Structure formats: C-alpha cells, structure tokens
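Visitor: Heads up, the final residue of the sequence shown is numbered 93 in the UniProt record's numbering, and it's a clean run with no missing numbers.
Rather than coming from a laboratory, the hints here were simulated on the basis of the structure.
Computed from a prediction, not measured in an experiment: that's the story for all the values here.
Do not take every clue at face value.
[Claimed, not checked] Calculated cross-link-like contacts (lysine-lysine; reagent style DSS-like; alpha-carbon spacing at most 27 Å):
#1 50 - 6
#2 82 - 71
#3 6 - 71
#4 82 - 50
#5 71 - 50
#6 49 - 64
#7 49 - 82
#8 49 - 6
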Amino acid sequence: MRTENKEYTITAYTEDCLGLMSRINAIFSRRRISITHFNMGPCETENVKKFVIIIRETEESVQKITRQMEKQVDVLEVHYHKNPYLTAIEYAS
Numbered sequence: 001m002r003t004e005n006k007e008y009t010i011t012a013y014t015e016d017c018l019g020l021m022s023r024i025n026a027i028f029s030r031r032r033i034s035i036t037h038f039n040m041g042p043c044e045t046e047n048v049k050k051f052v053i054i055i056r057e058t059e060e061s062v063q064k065i066t067r068q069m070e071k072q073v074d075v076l077e078v079h080y081h082k083n084p085y086l087t088a089i090e091y092a093s
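Produce the entire structure from the sequences given, and follow the hints as far as they go.
Guide: Encoded structure:
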C-alpha cells in the first residue's frame, strides 16, 4: 500500500554563507522532488537566513529530507509540518 503525497512546509534556519542554497536545492534534485515554493530571506537573528520550502511528498520522504538537511554544516535547525489549511479542507470534505 502506497501512502498519499501531502503538502508539507519545511522551515530551515541557517548561517549566512555562500553556496548553501545550492546545496539545499541539490538535496531535492538528487531525490527528484519537485519544489512547489522556495523562499529564502533574513531572519530576526543577525547573520541567520530562513528557508521556507513547500513540497508534495509522503511524510517518510519529508523526514528523510529534513534529516539530510540537518547534516549540512551551516544548517542550524530544520522543522517540517503539514499545511494546516489543506489539512482543514481534508477533514471538512
């Protein structure tokens, strides 16, 4: 039985360093995962960048991706969660 792909938001806090965006993108490219939304910008903390990435995948796949992102040297913290708006719609129907 195959589990259903759902929309997940991955949030990563990283040090401000050159080339990190390419390394993070490579994690998704190697697994042939299409990114629905990718946003990077400054964080409230100085010299820290915040990545917000939205993908449609299984939870198992998202867990593997977040663990792989955490292994990157300049990544401080990674979290993921299901899109709450879509979850509410699923329960309503």
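Visitor: Does each hint hold? Answer for all of them.
Guide: Going down the list of hints, with the structure as the test:
Restraint check for residue 50 and residue 6: satisfied, since their Cα atoms lie roughly 22 Å apart, inside the 27 Å limit. For the given pair, residue 82 sits about 22 Å from residue 71 by alpha-carbon distance, which is consistent with the 27 Å threshold. Between the alpha carbons of residue 6 and residue 71 the distance comes to roughly 24 Å, so the proposed pair stays at or under 27 Å and holds. Using a Cα cut-off of 27 Å, the hinted pair residue 82 and residue 50 holds, with the two alpha carbons roughly 18 Å apart.
Proximity of residue 71 to residue 50 is assessed by CA-CA distance (about 16 Å); at most 27 Å being required, the pair is judged to hold. Between residue 49 and residue 64 the CA atoms are separated by roughly 22 Å; this keeps the pair inside 27 Å, and the hint holds. Of the pairs offered as hints, the one joining residue 49 and residue 82 holds, with about 22 Å between alpha carbons and a cut-off of 27 Å not exceeded. Between residue 49 and residue 6, the direct Cα distance comes to roughly 26 Å. Compliance with the 27 Å bound is thereby established for this hinted pair.
Taken one by one, the earlier hints all hold for this structure without exception.
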